[in-house]
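Student: Quick note: the sequence shown uses this note's numbering, first residue 414, plus one each step.
One or more hints might be untrue.
[As the list claims (entries may be wrong)] When the alpha-carbon atoms are kept at most 30 Å apart in a straight line, the in silico BS3-like pairs for lysine-lysine are as follows:
#, residue 1, residue 2
1, Lys699, Lys600
2, Lys979, Lys951
3, Lys580, Lys978
4, Lys879, Lys951
5, Lys879, Lys580
6, Lys930, Lys985
7, Lys990, Lys930
8, Lys732, Lys662
9, Lys875, Lys685
10, Lys600, Lys662
11, Lys985, Lys963
12, Lys580, Lys635
13, Lys875, Lys941
14, Lys821, Lys875
15, Lys989, Lys932
16, Lys951, Lys963
[Said to hold, decoys possible] Pair by pair, the computed Cβ-Cβ distance ranges are:
#, residue 1, residue 2, range
17, Glu564, Pro597, 16 to 26 Å
18, Pro606, Thr746, 49 to 59 Å
19, Gly751, Ala618, 29 to 39 Å
20, Glu774, Pro907, 25 to 35 Å
Simulated from the structure, these hints should not be mistaken for laboratory data.
Please read these numbers as outputs of a predicted model, since none were measured by experiment.
Using N, Cα and C, we set each Cβ at its ideal position, and we do this for glycine too.
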Amino acid sequence: MTDLAHIRNFSIVAHIDHGKSTLADRLIQSTGTVQDRDMKEQMLDAMDIERERGITIKANTVRIDYKAQNGELYVLNLIDTPGHVDFAYEVSRSMRAVEGSLLVVDSTQGVEAQTLANVYQAIDAGHEIVPVLNKIDLPASECDRVAEQIEDVIGIDASGAIRVSAKTGVGIAETLEAIVTHLPAPKGDENAPLKAMLVDSWYDAYLGVVVLVRIMDGRMKKGDRIHMMQTGATYNVERIGVFRPQMEKVESLGPGEIGFITASIKQVRDTKVGDTITHEKRPCDKALPGFKPSVPVVFCGLFPVDSNEFEDLRDAIEKLALNDASFSYEMETSAALGFGFRCGFLGLLHLEVIRDRIEREYNIELITTAPSVIYHLYMKDGSRRDLHNPADMPDLTYVDHIEEPRIKATILVPDEYLGDVLKLCQDRRGIQMDLTYAGARAMVVYDLPLNEVVFDFYDRLKSVTKGYASFDYHLEGYRQDNLVKMQVLVNDEPVDALSMMVHRDRAEMRGRAMCEKLKDLIPRHMFKIPIQAAIGGKVIARETLSALRKDVTAKCYGGDATRKKKLLEKQKAGKKKMRQFGKVDIPQEAFISALKMDS
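Can you build the whole structure from these sequences, using the hints too?
Tutor: Right, here's the structure in full:
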């Protein structure tokens, strides 16, 4: 049993690559939570893909015992959070489980867009924030400038910011002391009825669903009958414990503590993140305010390259959905690609991660269709429909107007690349809302249509700024615009996977670029192939892929010209017949490359 004054719950927030996971490693190592022989890089990143890309995707917790300089023993519960905008939902719910945050800023890079987004979430959750300047071992480190920048841009006092090098271990002792002295202890009443927050849940092949809980009031023991207030289900607690990265059983969890329980829950769907857990016999009177469920933003189709693998793909997607509540899917069929799934993601990185996991963990080769967003169609009869897939667009005569989702994007960029960034945003139909300076860096705020961002905006932004810009966005709502569906026809057959919604003013340019690209990507066949882009019945762009031909006149020498003509006519008739019955195979690379615009 730990008394409340000796517990500290905190999370580490930062922009991508500013050293959150490395700092967590050092805190774990310096307190002896994990033996040196068991230590490895990115201790809390369990997935292969996290280690390989060097990013955190799932927020992970660990309990650390720390003996402070005043001789008292403290229990520190640390949550390492993701830094990427696509996983902001993970961050927001981790924040609600703790009372304070370490704000890690790279002392060579300074404040980035994601630093701002994550700090504002911490401030919204009422956190006490301790700034930490990392990477002071690098020659390019400028601690004073960055501390000033934190004060200017975020508005929190950084005069006492702790200077650390998470790689070498400098400043780790000071960080631990600051956690104990600056961050508040949790509040809670052990004698009140049990009130616990469900922070996260995932599926374990041996234990069933494992639930991460933060106890607010009361005490939870093994064998308790618990009641979930949102879903109304009751369970028996079978196992209760804490993470010292490995699971360790404990007798009970009291107020202010973070730990896990298992209770024979069959599916992750049965546990709602943000739910309140209480005792069945002695419930608490009021549930905790839950979280808004995460809303998928980007949709795309996933199809197996080999159509016999459809059942395997279904199993893989169902298993991934067990562990990822923000990933949604439904079955769909396509004339060109056969059976597959229409899946919803929080952003493009989320899409890439899921796709890589399916290909790697389940050995299924995938075709991914063009990512699209949800459009609102307002019909002439006054009803409203949501359009997830451009291929399902109804006839325009029934549609009154179309609305598209808009985002508010914040871009931080060094001054010399500002012109390129403004041009990129203008090209993507952006509306400039604000432009301010923080030192030598500009902060631009744009109102952008989401469908222009989901393709390859992030890649383009990184390339025009040589990787120096940082970008963060959130949804603002819907607005009407002049949108049309553009279809791509190959050999007069529409290709569902390449149809997309575009703005009418830019349709011709988009169509022409798409046709030129496909002309280079589709291999030549024995017959001539027309590649067309069309809006409704009107063709707006066309390219023709010439046929592979054998020189049939090679044996013909001398004599009348009609002999050559006869052979050529015969060849032409054969090609014409071939084109009628021929099937054009579009390779997988062509789909992916054709969708990357502007490159």
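Student: Each hint should be assessed against the structure and marked as holding or not.
Tutor: Do the hints match the structure? See the list:
no.: 1; hint: Lys699 x Lys600; result: 17 Å, holds
no.: 2; hint: Lys979 x Lys951; result: 37 Å, violated
no.: 3; hint: Lys580 x Lys978; result: 77 Å, violated
no.: 4; hint: Lys879 x Lys951; result: 40 Å, violated
no.: 5; hint: Lys879 x Lys580; result: 26 Å, holds
no.: 6; hint: Lys930 x Lys985; result: 27 Å, holds
no.: 7; hint: Lys990 x Lys930; result: 27 Å, holds
no.: 8; hint: Lys732 x Lys662; result: 26 Å, holds
no.: 9; hint: Lys875 x Lys685; result: 37 Å, violated
no.: 10; hint: Lys600 x Lys662; result: 24 Å, holds
no.: 11; hint: Lys985 x Lys963; result: 11 Å, holds
no.: 12; hint: Lys580 x Lys635; result: 40 Å, violated
no.: 13; hint: Lys875 x Lys941; result: 39 Å, violated
no.: 14; hint: Lys821 x Lys875; result: 18 Å, holds
no.: 15; hint: Lys989 x Lys932; result: 20 Å, holds
no.: 16; hint: Lys951 x Lys963; result: 35 Å, violated
no.: 17; hint: Glu564 x Pro597: 16 to 26 Å; result: 22 Å, holds
no.: 18; hint: Pro606 x Thr746: 49 to 59 Å; result: 51 Å, holds
no.: 19; hint: Gly751 x Ala618: 29 to 39 Å; result: 30 Å, holds
no.: 20; hint: Glu774 x Pro907: 25 to 35 Å; result: 34 Å, holds
When the structure is compared with the earlier hints, violations turn up for hints 2, 3, 4, 9, 12, 13 and 16 and for no others.
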